[in-house]
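Enquirer: Heads up: the protein sequence lines correspond to chains A and B, in order. Take -14 as the starting number for the first sequence in the numbering used here and just add one per residue. Take -14 as the starting number for the second sequence in the numbering used here and just add one per residue.
Bear in mind the hints are in silico, worked out from the structure with no lab data behind them. Errors might be hidden in some of the hints.
One copy or two, either will do: identical chains are not told apart, so a pair holds if it fits within one copy or between any two.
To be verified - 25 Å max Cα-Cα, derived SDA-like pairs, lysine to any residue:
{"no.": "1", "residue 1": "LYS33", "residue 2": "GLY300"}
{"no.": "2", "residue 1": "LYS33", "residue 2": "ALA67"}
{"no.": "3", "residue 1": "LYS150", "residue 2": "ARG345"}
2 protein chains.
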Amino acid sequence: MFEFQISATSGAARTGSVSLPHGTVETPVFMPVGTQGTVRALSPGDLKAVGAGMVLANTYHLHVRPGEDVIAQLGGLHRFMAWDRPLLTDSGGFQVFSLEGFRSVTDDGVEFQSHVDGRRRGLTPERATEIQWTLGADVAMAFDHVVPGGADLATARDALERTLKWLERCARRHGELLEGLKVGRDTTVQHSNFPAFPQTLWPILQGGTHVALREEGLSRILAMGSWTGLALGGLSVGESKAAMYQVLEALEPRLPAPIPRYLMGVGFPEDLVAAVERGVDLFDCVAPTRNGRNGTAFTPDGPVNIRNATFRTDGRPLDPSCDCETCTTYARGYLRHLFAAEELLGLRLLSLHNVRYLIRLAAEMREAIRRSALAAWAGDWRRRYTQPGIT
Amino acid sequence: MFEFQISATSGAARTGSVSLPHGTVETPVFMPVGTQGTVRALSPGDLKAVGAGMVLANTYHLHVRPGEDVIAQLGGLHRFMAWDRPLLTDSGGFQVFSLEGFRSVTDDGVEFQSHVDGRRRGLTPERATEIQWTLGADVAMAFDHVVPGGADLATARDALERTLKWLERCARRHGELLEGLKVGRDTTVQHSNFPAFPQTLWPILQGGTHVALREEGLSRILAMGSWTGLALGGLSVGESKAAMYQVLEALEPRLPAPIPRYLMGVGFPEDLVAAVERGVDLFDCVAPTRNGRNGTAFTPDGPVNIRNATFRTDGRPLDPSCDCETCTTYARGYLRHLFAAEELLGLRLLSLHNVRYLIRLAAEMREAIRRSALAAWAGDWRRRYTQPGIT
């Protein structure tokens, strides 16, 4: 369980598989985001149809509504959202720190005002760990302090130190819960009635765009224990792409090869390709569904907005190379009509295509890595994706 | 083609089948409504999964946006909306007469202001027929003058007379178009590039709640030609249920048995059952999808609103007797969460269930009619459906 097997490499890029209680996922892998226990506009059946292997859900959102106790009573997160493949829950850190002005941080934890009912609530490393245990995802994330992309060294250092202290507390609490599961004794945390299975905890490396700070943070995390995976947080939060790539390049040689690397909140197609080239294995992002709901579709020739008047009588598929239901069933002119007429089916069909696009993109990269030819593949891909005005 | 075969009767109720160019539909049948060329929140795959045999689309809406010329260029309405089973288009009469204050009626036709761009547009019997011909549904409806449920005799008489004159003009124009198709010559109407196939035209009987006027209208329609179907319009538009049932009961013995009877805009489950008992064969209504989007689900124990707090931790299916994806996959607590969190999947899952509910209801009635036992079945059904507080 929680084993990572690398089957091929190409430069810094790797392809392999992560074994989790609810299945094995081939990497590099893109995880669609089911913030509130549902990937917006898509059903579990849709996600399986486009080949999604693993989904992310948000601890903060599910804690606030409907509450982890409700989900536990309904059989745990997998059964709640009818997703029987691997699940990862983030820790709530990112969401809480996005509530600028609505939260206060102490060394103990964070107090915040719920976006749903305005109530004051608190999260500590222990509570975030307990909530995720109750939700019952395959992978839980440590509770972290996220700073904006442009944070100065002192701010980034402060957040890193806090994140490291919180990681110790998350790991301790997670260890206690795991121990309780092993000996079959009740813990202080409400049990979900899903079949008991182990859960792993992944640390999150912070440090902003300060490379030396990131390197120090990495060493200290690795010194703390033997992890089954490691996440890079606090990237894609407003810094330049160059700064993000620089951090990835500096860290890559220092990251232990035998554990999977998860770049949180990334990505857009170009970021996915760049990060895989820099040795990243897992990704999550709302981009495919959010963009889909705005009418923007990823295609091999770059993004297109289906609302464009040029598509009015266009009988071609959205992306002729795509095998998804949207592309094999409907004409661009129909998809444009659905958006013009504000029909719900449009939101779903473009979300479906965009998720399929990123899943195929990851599959193409796995194939290129197996051929030790990722650099050439990426060059071709970028030339076509960034060339304007093809479609 | 366009044949109606009755296989069994039970009292005034009949079961049988209508043969149409895109397939055969068993009656009584409920048609989901795809106003703008899509049944709101559902895909053609969803509709097939719940057993929908025939779908209705709205001529007025599709004429205004995207325009029948666009749909013709994209292969006709069937290909446009990826629905390869029978389609019926209404004539636009009902929609135009709903634009109270935004339209003016003459004997020639109706001028109205588009709800999309505010432009003045006109519809005549000939144009409505031509638009529907271009859209290419299996069944087109005659252009009619609809009056509100409480209209007095003079108003209803006026609208009936106009509707009858318009029916003559629709039938003449439809005959010309059919003739053009037969001899392979181009008509003045833009051709869709879908494979040419015949289309039938059904008249609409108006007359408000005035039984004698309805009877006179029916005689005059039947004297005008040999129709393949007949619609009852101007019901379920604000009059009492008792008044609607009275009209149905008065007309039933006078309706020719060998053609199908279509009650427009009905229904809710209780109306469907009552109208089948009174000899109706086809139905359409936005109720299942509109109610579904509001969180209301039809169940054998009556409608329930899934937002209700009592469902918070309810692990049971929405309707334990239902075989739809919603009921076989998700707990009520999850569906409630989707509505509380305003997630798009909730709109789809309740719409899906409600359409399945009406399709199963029609199937159950067909079965009861075959056993010559509709009255007993309907009594049982009503007792359970109207008994409060079961769920």
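Enquirer: Now tell me if each hint is right for this structure.
Expert: Results for each hint:
1. In this homomeric assembly, LYS33 and GLY300 come within 25 Å of each other (Cα to Cα) only across copies, at 24 Å, whereas the closest approach inside a single copy is 27 Å.
2. Both within a single protomer and between protomers do LYS33 and ALA67 lie at most 25 Å apart by alpha-carbon distance, with minima of 11 Å and 22 Å respectively.
3. Taking identical chains as interchangeable, the C-alpha atoms of LYS150 and ARG345 are never at most 25 Å apart, the minima being 39 Å within one chain and 59 Å between chains.
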